[in-house]
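*Asks:* Using the sequences provided together with the hints, build the complete structure.
For the protein sequence lines, the chains are A and B, in the order given. With the numbering used here as the guide, the letters of the first sequence map in order to residues 61 to 935. With the numbering used here as the guide, the letters of the second sequence map in order to residues 61 to 935.
It cannot be assumed that every hint is accurate.
[Unchecked claim] Just a few of them, taken from the derived set where beta-carbon distance is under 8 Å, the chain A residues facing chain B:
hint	residue
1	Glu720
2	Val808
3	Gln834
4	Thr835
5	Phe848
6	Pro869
[What the hints assert, rightly or not] Restraint-style ranges between C-beta atoms, simulated for each label pair:
hint	chain 1	residue 1	chain 2	residue 2	range
7	B	Val735	A	Gly325	51 to 57 Å
8	A	Glu641	B	Glu876	44 to 50 Å
9	B	Gln582	A	Asp685	55 to 61 Å
10	A	Glu691	B	Asp704	20 to 26 Å
By construction, these hints were calculated from the structure, which means they are not laboratory data. A quick note: this is a predicted structure, and the numbers were derived from the prediction, not measured. Just so you know, even glycine gets a beta-carbon here, dropped at the ideal spot from N, CA and C.
The lines below spell out each chain.
There are 2 protein chains.
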Amino acid sequence: MTRYVFQFEEGNAPDRQLLGGKGAGLAEMSRIGLPVPPGFTITTQACNHYQELKRLPEGLMDEVWTHLALLEEKVGRRLGDSKRPLLVSVRSGAPISMPGMMDTVLNLGLNPITTEGVASLTHNRRFALDSYRRFIQMFGNVVLHMEHAQFEQILEELKQSRGAVDDTALAEPDLEELIQHYQNLVRQTVGQPFPDDPRVQLEMAIEAVFGSWMNPRAVVYRRLHKISERLGTAVNVQSMVFGNMSEQSATGVLFTRNPNTGEAGMYGEYLIQAQGEDVVAGIRTPNPIDQMARELPETYAQLSEVCRLLEHHYRDMQDIEFTVEEQKLYVLQTRSGKRTASAAVKIAVDLAKAGTISQAEAIRRQDPEQVQRLLYRQIDPQAQVDVLAVGLPASPGAATGRVVFSADEAEQRGAAGESVILVRPETTPDDIHGIVAAQGVLTSRGGMTSHAAIVARGMGKPAVTGCESLKISLSDETFTVGNEVVAKDTWVTIDGASGRVIRGSVPTIDPQLSAEFTELLQWADSIRRLGVHANADTPDDAAKARELGANGIGLCRTEHMFMGQERLPVVQAMILAESVEQRQAALDQLLPMQQSDFYGILRAMDGLPVTIRLLDPPLHEFLPDIGDSEEALAQAQVRGDVADIERLQVLLRRTRTLFEFNPMLGFRGVRLGIVYPEIYAMQTRAIFQAQAALLKEGLHPQVEVMIPLVGTAEELARMKMLTADVNAQVAAEQGVELPYAIGTMIEVPRAALLAGAIAEHAEFFSFGTNDLTQTTFGYSRDDAESKFLPTYLAEKILPDNPFMVLDRPGVGRLIEWGIKEGRAVRPDLHVGICGEHGGEPSSIAFCHEMGLDYVSCSPFRVPVARLAAAQAALE
Amino acid sequence: MTRYVFQFEEGNAPDRQLLGGKGAGLAEMSRIGLPVPPGFTITTQACNHYQELKRLPEGLMDEVWTHLALLEEKVGRRLGDSKRPLLVSVRSGAPISMPGMMDTVLNLGLNPITTEGVASLTHNRRFALDSYRRFIQMFGNVVLHMEHAQFEQILEELKQSRGAVDDTALAEPDLEELIQHYQNLVRQTVGQPFPDDPRVQLEMAIEAVFGSWMNPRAVVYRRLHKISERLGTAVNVQSMVFGNMSEQSATGVLFTRNPNTGEAGMYGEYLIQAQGEDVVAGIRTPNPIDQMARELPETYAQLSEVCRLLEHHYRDMQDIEFTVEEQKLYVLQTRSGKRTASAAVKIAVDLAKAGTISQAEAIRRQDPEQVQRLLYRQIDPQAQVDVLAVGLPASPGAATGRVVFSADEAEQRGAAGESVILVRPETTPDDIHGIVAAQGVLTSRGGMTSHAAIVARGMGKPAVTGCESLKISLSDETFTVGNEVVAKDTWVTIDGASGRVIRGSVPTIDPQLSAEFTELLQWADSIRRLGVHANADTPDDAAKARELGANGIGLCRTEHMFMGQERLPVVQAMILAESVEQRQAALDQLLPMQQSDFYGILRAMDGLPVTIRLLDPPLHEFLPDIGDSEEALAQAQVRGDVADIERLQVLLRRTRTLFEFNPMLGFRGVRLGIVYPEIYAMQTRAIFQAQAALLKEGLHPQVEVMIPLVGTAEELARMKMLTADVNAQVAAEQGVELPYAIGTMIEVPRAALLAGAIAEHAEFFSFGTNDLTQTTFGYSRDDAESKFLPTYLAEKILPDNPFMVLDRPGVGRLIEWGIKEGRAVRPDLHVGICGEHGGEPSSIAFCHEMGLDYVSCSPFRVPVARLAAAQAALE
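*Replies:* Next comes the structure, spelled out in structure tokens:
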């Protein structure tokens with residue numbers, strides 16, 4: 061016959077599936093000799109049988125009575141005894157924690173007779189009576205399915221008739237009367253007297269807890285959290301202990317370490333002569349746990365020892381509930397304590413240094429996304445905030461500044477040292493200079509991967525996007541939220557980690573890069589196999605990346621360099637050139653600018669590889685809007701400004717020629733290099749001239765030239781030849797050898813499919829998973845995230861946003877194929893990834909599995925990537 | 061020792077590599093007993109040795125003399141003989157034909173003495189002298205590398221001094237004087253007298269022909285045509301025959317059948333008493349070959365027999381050069397004759413019926429692209445045409461009509477029975493009704509796969525696109541080419557096969573669907589394994605497809621059905637709906653319209669499968685331009701038309717919401733079905749209601765529902781469920797079972813990569829290779845073809861336009877993978893292709909190799925596809 065009931069102290073390896081989380085914990089604590097109030101657990105199997113039979117299974121209660129007898133013997137009290145009555149709690153406990161979802165009955169065993177027994181045992185009749193009336197109320201609600209409010213109403217009426225404000229003002233006779241009223245209410249409502257027999261109470265309570273497994277809120281909770289209905293809940297029957305029995309009794313909660321900072325030492329509070337609920341109810345102010353060393357020194361010592369034992373046993377910081385009954389300590393519950401990100405790091409490092417856990421375990425325990433928060437400014441959790449609106453948490457960190465509505469104004473005022481927040485319906489590459497100068501960005505449109513979001517994340521700058529409740533009027537220079545109008549120059553604070561937009565300037569706290577965190581990352585570095593490079597376009601970003609531990613620059617985009625205010629006109633002149641000569645003249649002007657860009661980055665990363673991607677975006681991105689130009693032309697015509705008319709006509713003609721239906725799939729990347737080789741020639745010349753200058757200074761620039769958007773081997777072959785030609789020219793001019801590597805992005809499916817042929821010409825591959833995801837799915841990121849992707853995620857058509865979490869079955873398969881084919885042709889092919897996925901932990905794990913050499917991510921993701929790469933290596 | 065020289069009649073299987081094409085042909089003809097002037101061939105190997113040694117190889121001339129002696133014996137004349145001098149031609153002949161690239165010397169053997177011999181032999185001293193002076197000129201040019209112009213100048217001076225206009229006006233003394241001048245010129249220029257010794261002449265000529273293998277134009281030609289330098293050329297030394305020897309001599313060219321129509325019977329012309337060059341020179345008008353039956357009846361009979369022999373031997377219509385010397389017929393050359401598309405079909409079918417070739421061979425010999433021309437109206441080749449401009453040959457066929465500049469006007473006037481040509485800078489889906497009504501389409505922008513081109517090809521309607529020399533002014537309703545202004549209503553003719561735009565109305569000729577062509581296609585049907593379906597959206601197109609032999613409709617697009625003038629407002633109402641109820645109301649209006657569409661197509665294809673693709677394009681394609689609406693709103697505001705303002709504001713808001721950055725990768729296909737299931741529900745209901753109506757009429761509609769743009773199995777699973785629900789509802793309502801198949805397009809790489817999972821839910825796959833090519837390459841077709849693809853093709857970065865010829869290494873690999881994975885899960889998975897590649901021969905061959913079940917192409921490509929599918933099966 062199946063056995064349904066187990067004493068806490070039975071068995072060696074408690075079975076969480078069978079005993080539930082709480083039951084297993086109680087068994088585990090009992091087993092290692094901690095002072096746990098004795099009791100027993102009725103298994104989840106009994107629950108499952110109950111659900112099938114709709115009644116308690118045969119023989120269950122016989123087993124319960126047998127175990128109850130053992131329990132009574134152990135504690136020296138008996139259920140229903142008039143002198144030494146045993147009271148028990150009856151609690152649910154599923155294999156997976158479902159806090160608050162199911163029912164609990166405390167103080168079971170009370171009736172008019174045992175109440176008097178408790179009164180004499182605790183020397184506190186008022187407490188006994190109050191416990192009894194609470195028990196009737198709880199049992200009535202949980203077991204007899206009566207309305208909580210019915211009991212409360214009676215209580216209120218009595219308090220009013222007595223002129224009492226608090227429950228505590230009720231005297232013993234009042235409580236006796238209240239109990240009488242409660243018993244009448246029960247009899248009237250359920251048509252039966254309240255059960256006085258504690259055994260009847262127990263059986264009814266067990267059945268009620270099993271029944272609560274299927275209550276509506278538990279069912280919804282399980283559906284939300286994908287918890288199987290088949291798990292069932294266990295029932296724990298445990299003897300009650302009384303923290304309110306005397307001055308030598310107490311109750312409290314504590315963490316074995318400070319959960320905010322991770323500092324060693326108990327952190328918590330307690331109340332003398334109180335029950336657990338008094339701590340929660342807030343009627344009396346609890347004392348800090350340190351004070352117990354004076355009030356109950358022996359128990360305090362015992363508690364310290366228990367904490368040590370528990371931490372050692374569970375190998376982690378614990379969150380403990382305890383009760384002291386007549387100086388005897390009982391641990392009621394223990395579990396891993398929730399903690400802040402910085403505490404998580406410190407605790408793990410401390411435990412590892414103490415030898416409690418390994419360094420590997422310390423790394424495994426970190427949640428990389430939580431760790432990420434340590435790297436951004438945060439809003440002071442203590443601050444009072446006036447939240448105006450909530451948008452998407454597009455780029456974490458907190459920023460405060462005055463509202464401005466144009467990138468130009470942001471740039472001017474930012475340059476003048478002002479703190480501004482750039483507010484736009486959405487941003488475009490034309491706004492980059494404003495984003496650079498602003499403290500943060502706020503948009504009313506666009507998703508987590510809109511232009512604003514990507515650029516801001518790339519810069520490590522806070523951004524809130526898609527804040528649709530903002531109605532922005534660019535002409536009035538205001539935005540409106542509901543009835544509130546926020547004008548230009550108003551101070552606001554944005555929290556890119558939560559998406560909050562807050563009125564006023566709110567105090568923020570600095571990122572925490574503690575000694576422990578630094579140490580943990582060093583451990584990670586010694587464990588990980590994947591290199592971690594950064595995507596950085598400026599010397600500042602490169603320096604930041606290096607500071608955060610990057611092993612190189614995996615993606616240095618050159619297009620942002622074209623966007624500077626003094627450069628854009630030259631870039632536009634190059635695009636508008638009507639002959640190769642005109643274009644060359646503009647390129648000649650750009651050459652020294654680009655050279656200084658590369659000089660700066662190569663210098664910042666001296667000795668580490670810098671992968672420079674040649675120009676990628678469609679040229680029309682550098683030209684003004686057609687609409688804007690048309691308007692300017694109309695105005696010039698009104699003015700009769702002949703020169704301007706001519707200029708604008710040329711501009712418009714060229715802009716229209718460059719117009720594209722699907723720019724994402726258009727005339728960009730290597731396609732530019734093939735049609736306008738002079739552009740790539742200028743860029744490679746700038747790179748090699750910078751390299752030559754650094755070499756002459758005795759430095760060690762490591763140059764990698766990366767060709768974007770290659771789809772055929774021939775494209776790469778041509779650009780490789782062009783690069784080699786330029787390299788040879790510059791080397792000859794400068795009289796110095798200029799070693800470099802050349803490779804390509806794999807970012808269209810065809811490149812992955814033809815990776816073998818492409819690898820003939822490539823020394824390295826870098827999977828551009830942003831574009832590869834777009835082309836593999838046929839999703840335009842900007843369009844998908846504002847149109848159908850929300851529905852797809854809500855309806856679980858896709859498990860994750862594939863622009864955030866790498867799509868293993870589709871994109872991943874192409875990556876796998878690309879690596880296999882590429883390495884078959886060139887076994888030493890260096891392979892990395894430089895899409896946004898390079899900073900996402902589960903995608904990093906995939907990269908590790910696939911045998912990539914490195915991931916590359918934004919500088920502020922580098923520590924997370926180092927950690928995630930180590931975690932992947934530990935899998 | 062290597063043997064370098066072979067008599068024509070030696071050997072059984074002439075070796076083209078060794079003897080060259082001409083030499084092998086002469087040997088072949090000699091071998092089968094045709095009357096070929098005797099001679100011998102010096103091998104390509106000798107040429108190669110000459111190239112290495114830079115001189116004629118050891119022993120070569122000894123061999124030549126031996127063979128010359130044999131030749132002299134055979135023809136009874138001797139080189140240099142004063143009475144019966146042998147004259148020979150010395151011609152190059154490479155293994156691969158390089159027409160006109162290398163040198164030839166005729167009449168070799170002439171000197172003052174042999175010239176008199178020829179004079180007495182031919183009874184024509186003037187001819188002998190003229191031959192001699194021509195020989196000096198040719199030898200001087202080819203062998204002695206003198207300028208042709210030098211000789212011509214002397215000739216001109218002489219003619220002027222004699223007052224002669226034509227060469228023929230020069231008398232014998234004049235020619236004697238000319239010869240003297242020529243010999244002086246040679247002596248002065250090369251410092252040596254002109255060689256009189258015929259053996260010296262021969263050795264020098266052979267060396268010159270070998271030398272010409274490396275002349276610059278031959279080198280360039282080989283590079284262009286990728287012909288190896290290692291092939292070398294052979295030299296053919298052949299006795300000259302004289303068609304001008306007497307009235308019983310003649311020369312001529314003929315085809316063994318009529319090359320224009322394919323009719324049996326000799327087709328050609330000849331001249332009595334003439335040499336070959338006289339026919340070409342056009343000094344005398346040749347006679348039709350029939351006349352020879354009267355003038356030289358015996359020779360004519362001999363010639364007929366030779367034609368029969370040649371056709372039988374070469375198993376094809378031949379193009380022959382012949383000479384008659386004193387009634388004796390000599391064949392100088394034979395080769396497969398060039399022919400028109402219709403002649404090619406007739407000849408092959410006739411030869412097959414005569415048992416000369418097999419039916420399979422008749423099919424193999426057709427060039428599908430040439431055959432395609434038979435299916436379109438053509439400009440009468442006899443017509444005089446005034447070409448205004450030439451654009452891209454976007455959709456073949458000729459069309460004549462009056463120029464109109466708006467789709468609305470095209471529709472009105474077309475409906476009134478007028479012939480119009482719609483001229484637009486480019487077309488959009490808004491212009492469909494105009495394209496339908498016009499005879500043809502002409503655009504100044506857009507490539508071979510622009511909207512105009514694709515739509516026109518789909519409709520089998522002539523189109524010329526990207527005609528950039530046209531400057532269109534929509535406001536003036538004119539277009540300008542150079543200085544010519546063409547106003548509205550002007551008659552023009554466009555030729556979509558050549559891209560010509562012609563002024564005026566030009567006579568056109570009907571497509572030729574001859575009995576032979578029909579028969580050939582029936583043979584093809586019995587050979588091919590691939591099914592040939594058609595892409596058709598209307599009952600008329602479906603009927604046309606069926607008439608042209610389609611086995612079903614492989615792609616019935618439903619979006620064009622939404623574009624009709626009476627429907628678009630309802631479609632727009634559906635899109636602008638602000639609630640599900642509003643949308644449902646609009647859909648309820650569309651339902652009967654769609655039902656009648658499907659009813660018509662299913663009826664036209666009764667008994668054959670019809671694959672209906674649910675709505676695919678982004679919804680904004682059905683809305684007006686943002687710019688147009690803004691202007692309309694501005695005007696409404698000026699008018700103060702409140703209702704219109706409100707309507708336009710709603711329209712604008714929704715249009716802006718639906719705006720996409722990359723519509724190709726946007727909110728379309730199944731993504732619409734997931735977010736707005738009510739749209740697909742309406743469409744499937746319309747399909748099943750139409751099916752029910754037809755079943756009740758006793759017909760046999762074969763319904764296949766196709767879900768577009770699927771990228772995840774879950775998308776298809778949802779839509780399959782929706783379809784099954786609607787099917788069950790309609791079946792219950794109509795009281796009839798409604799069998800159908802459901803499947804999906806594979807048109808994004810992820811679908812091919814996850815084909816196994818998708819096949820769990822799909823009964824068929826149809827590879828949408830247009831979109832699959834776009835996403836695999838990361839090319840937007842519209843942008844690529846107007847921007848970088850021309851450069852890619854010109855520079856051979858891609859071998860073909862991948863939108864026309866399926867890209868085997870990339871897209872093909874995905875198709876291969878998709879089929880393999882799909883059939884692994886569902887072995888009976890039906891697989892087709894419905895991109896434009898479905899009508900392209902080499903892509904059809906790939907589909908055959910991959911084991912696809914069918915290809916689907918536009919109705920007018922169906923015959924080509926039937927032929928190409930048979931050719932693939934014969935490979």
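*Asks:* For the hint on A:Thr835, just tell me whether its beta-carbon gets within less than 8 Å of chain B.
*Replies:* Hint holds; A:Thr835 Cβ to chain B Cβ min 5 Å, cut 8 Å.
*Asks:* Verify the interface restraint on A:Phe848: the C-beta must sit less than 8 Å from at least one C-beta of chain B.
*Replies:* holds (4 Å)
*Asks:* Look at the Cβ atoms of B:Gln582 and A:Asp685 and judge whether their distance stays inside 55 to 61 Å.
*Replies:* Cβ of B:Gln582 to Cβ of A:Asp685: about 59 Å, so the range 55 to 61 Å holds.
*Asks:* Mind checking the CB of A:Glu720 against every CB in chain B and telling me if the closest is under 8 Å?
*Replies:* holds (4 Å)
*Asks:* Taking the Cβ atom of A:Glu691 and the Cβ atom of B:Asp704, is their distance within the range 20 to 26 Å?
*Replies:* The hint (20 to 26 Å, Cβ to Cβ) holds, given that A:Glu691 and B:Asp704 are roughly 24 Å apart.
*Asks:* With 51 to 57 Å as the target window, see if B:Val735 and A:Gly325 comply at their CB atoms.
*Replies:* holds (55 Å)
*Asks:* Could you say whether the range 44 to 50 Å given as a hint is met by the Cβ separation of A:Glu641 and B:Glu876?
*Replies:* The hinted range 44 to 50 Å holds for A:Glu641 and B:Glu876, with Cβ atoms some 48 Å apart.
*Asks:* Does the CB of A:Pro869 sit less than 8 Å away from some CB of chain B?
*Replies:* Hint holds; A:Pro869 Cβ to chain B Cβ min 6 Å, cut 8 Å.
*Asks:* Under the criterion of a CB-CB separation shorter than 8 Å, is A:Gln834 in contact with chain B as hinted?
*Replies:* This hint holds: A:Gln834 lies near chain B, its Cβ roughly 6 Å from the closest one there, short of 8 Å.
*Asks:* Classify the hint on A:Val808 as holds or violated, based on whether any CB of chain B lies nearer than 8 Å to its CB.
*Replies:* The hint holds - A:Val808 has a Cβ within 8 Å of chain B, the shortest such distance being about 4 Å.
Violated hints for the displayed structure: none, as all numbered hints are satisfied.
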